[in-house]
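> One-letter residues, chain by chain:
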Amino acid sequence: MRHHKLALCAPHYGEWFVVSTQRAIEKYKMFTRAERVLVAVSGGKDSLALWDVLTRLGYATDGLYVGLGIQGELAYSDQSLARIREFQAQHVPDATLHIVDVQETYGKTIPEIARASSRGHGKPCSACGLTKRYVMNRLAAERGYAALATGHNLDDEAAVLMQNTLHWQTGYLARQAPVLEAGEGLARKVKPFCRFYERETAAYAMVRDINYVYDECPHAVGNLTNFYKTLLNQLEAQSPGAKLQFYTQFLKARRAGFFDAPSSDQIALRVCDVCGQPTTAPGRCAFCRMWDVAAPPNDALELGNALSAQDAWTAASARVAENMDLSDL
Amino acid sequence: MIEITFRHKKFEVKENMTARDALQKIGIDPESVLITVNGKLVTDDVILRAGDVVKLVAVVSGGSAIAR
Ligand code: SF4
Ligand SMILES: [Zn+2]
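Chains as they are written, first to last, in the numbering used here: chain V, 1 to 329; chain W, 1 to 68.
Heads up, some of the hints might be wrong.
Below, a sample of chain W positions facing chain V; criterion: calculated Cβ distance under 10 Å [what the hints assert, rightly or not]:
(1) ARG7
(2) LYS40
(3) VAL57
Far from chain W, some chain V residues (derived; all Cβ distances over 12 Å) [said to hold, decoys possible]:
(4) ALA34
(5) GLU35
(6) ARG56
(7) ASP94
(8) GLY107
(9) ASN153
(10) LEU186
(11) ARG188
(12) LYS229
(13) ALA237
(14) THR248
(15) ASP260
(16) PRO282
Some chain V residues judged to face chain W by a derived CB distance under 7 Å, without partners named [as the list claims (entries may be wrong)]:
(17) MET206
(18) GLU236
(19) ASP273
(20) GLY276
No wet-lab data here; the hints were simulated from the structure. Glycine included, each C-beta is placed from N, C-alpha and C at the ideal position.
Next up, chain V with everything else stripped away, as it sits in the complex (with noise of 0.2 Å):
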């Protein structure tokens, strides 16, 4: 049983979970020592881990972190960089860390931003998620980074797995996977922890001395995806190993064709009328659209909405170009 694995002293986990790390990434051809991985960090256990265990691994890795603004009692966003940075010092000092602020590049925080557009029905999960997916893929692929890593680990993706299966997202389940490769401006994504236990990243991340924010963002309280989770704990407990079932199964039905979506592979990508980003929709990107609403009423933004996001990245590159060599502080 898997959870065995914990009765391993720490050096022979940790020497466990960065082998069966390696396995994940050639068995799912996510990517080569010869490439450049982009780690999306955001100062959890899972994505500290991912780019503590790449970097182990020999493989070039830099770092990615989106600034939120997301404060609260806990100052989570602040808290987020001060683990990030202090992880950088310790751990992969010679990486570069890419810091995008969304304040500072788009004129609002998170939870400003869902306030002033009408997504997310009072949460700002909503418009957090498209940011993050928006600034992610175009530093991945504006950089010429071979791949995109996040650290989803099983419970995350069981948890969407469920989620996806309980509507019968078709859509959804067919581009679930440990990679989505990369298409014209679309970064490849990569998820090389997605077959273990988030007990095993805790424990690695524990056995190796990370210090990560222990505390969950604010608005994650009662989100959906932490009840699923609990759901399939309790699986879990009386039938041990059926999340890590669950979800392999789910890869093999997919690969032998079952949620095939012939309809959504033949969507054809455009380009977005501001930004130059792919999306689906004609005109402008969901992003670009997200933040004309959100836009304060100021003279550039009224005037030519067409600048607003473009000039923002370009500041936001100039900002980042500053912050790239942390390491040198």
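Fit chain W with the ligands to the given chain V structure using the hints.
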């Protein structure tokens, strides 16, 4: 009695039961935590003895839907 700490809360359980049973007693999902005894990570079949300092660490992700 053994004291178990989890997120600023304290629970008490009898000694000489497994960590898994102890978690069940206090109503904590064993999949959602890591168990440390005297500062060391242990598996949930370990038997808790008098004098052990037991701390639980939550494993749930930071809530970030994208960059975990
Ligand atoms: S819980 Fe919602 S607001 Fe918080 S990081 Fe996740 S998606 Fe963003
Ligand atoms: Zn756009």
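> Hint by hint, say whether it matches the structure.
Hints and how they fare:
Hint on ARG7 (chain W) holds. Least Cβ distance to chain V is approximately 9 Å, under the 10 Å limit. A hinted interface residue such as LYS40 (chain W) counts as satisfied when its beta carbon comes closer than 10 Å to some beta carbon of chain V; here the least separation is about 8 Å, so the hint holds. A hinted interface residue such as VAL57 (chain W) counts as satisfied when its beta carbon comes closer than 10 Å to some beta carbon of chain V; here the least separation is about 7 Å, so the hint holds. With a least beta-carbon separation of about 25 Å from chain W, ALA34 (chain V) lies farther than 12 Å from that chain, consistent with its non-interface assignment.
The beta carbon of GLU35 (chain V) sits about 20 Å from the closest Cβ of chain W, which is more than 12 Å, so the claim that it is off the interface holds. Distance check on ARG56 (chain V): its Cβ is at least 19 Å (rounded) from any Cβ of chain W, clearing the 12 Å threshold; non-interface status holds. No beta-carbon of chain W is positioned within 12 Å of the beta-carbon of ASP94 (chain V); the least distance is around 21 Å. With 12 Å as the threshold on Cβ separation, the claim that GLY107 (chain V) sits away from chain W holds: the shortest Cβ distance comes to roughly 21 Å.
Against chain W, the non-interface label of ASN153 (chain V) is violated: not every CB pair exceeds 12 Å, the least being about 7 Å. Under the 12 Å C-beta cut-off, the non-interface status given to LEU186 (chain V) relative to chain W holds; the minimum distance is some 15 Å. Non-interface status of ARG188 (chain V) relative to chain W is upheld: no Cβ of that chain comes within 12 Å, the nearest being about 15 Å off. The Cβ of LYS229 (chain V) does not lie farther than 12 Å from every Cβ of chain W; its closest approach is about 7 Å, which violates its non-interface assignment.
At roughly 7 Å from the closest C-beta of chain W, the C-beta of ALA237 (chain V) falls inside 12 Å, breaking its exclusion from the interface. No Cβ of chain W approaches the Cβ of THR248 (chain V) within 12 Å, the least distance being about 18 Å, so the stated non-interface status holds. At the 12 Å boundary, the C-beta of ASP260 (chain V) stays outside the reach of chain W, the nearest C-beta of that chain being 25 Å off. Here PRO282 (chain V) stays apart from chain W, with its beta-carbon at least about 26 Å from theirs, past the 12 Å limit.
For MET206 (chain V), the interface hint holds, the least distance from its beta-carbon to any beta-carbon of chain W being 6 Å, beneath 7 Å. For GLU236 (chain V), the interface hint holds, the least distance from its beta-carbon to any beta-carbon of chain W being 5 Å, beneath 7 Å. Annotation: ASP273 (chain V) was flagged as interfacial toward chain W, and the flag is violated, the nearest CB pair being 25 Å apart, outside 7 Å. Because the beta carbon of GLY276 (chain V) sits about 22 Å from the nearest beta carbon in chain W, more than 7 Å, this interface hint is broken.
When held up to the earlier numbered hints, the structure conflicts with 9, 12, 13, 19 and 20 and fits the remainder.
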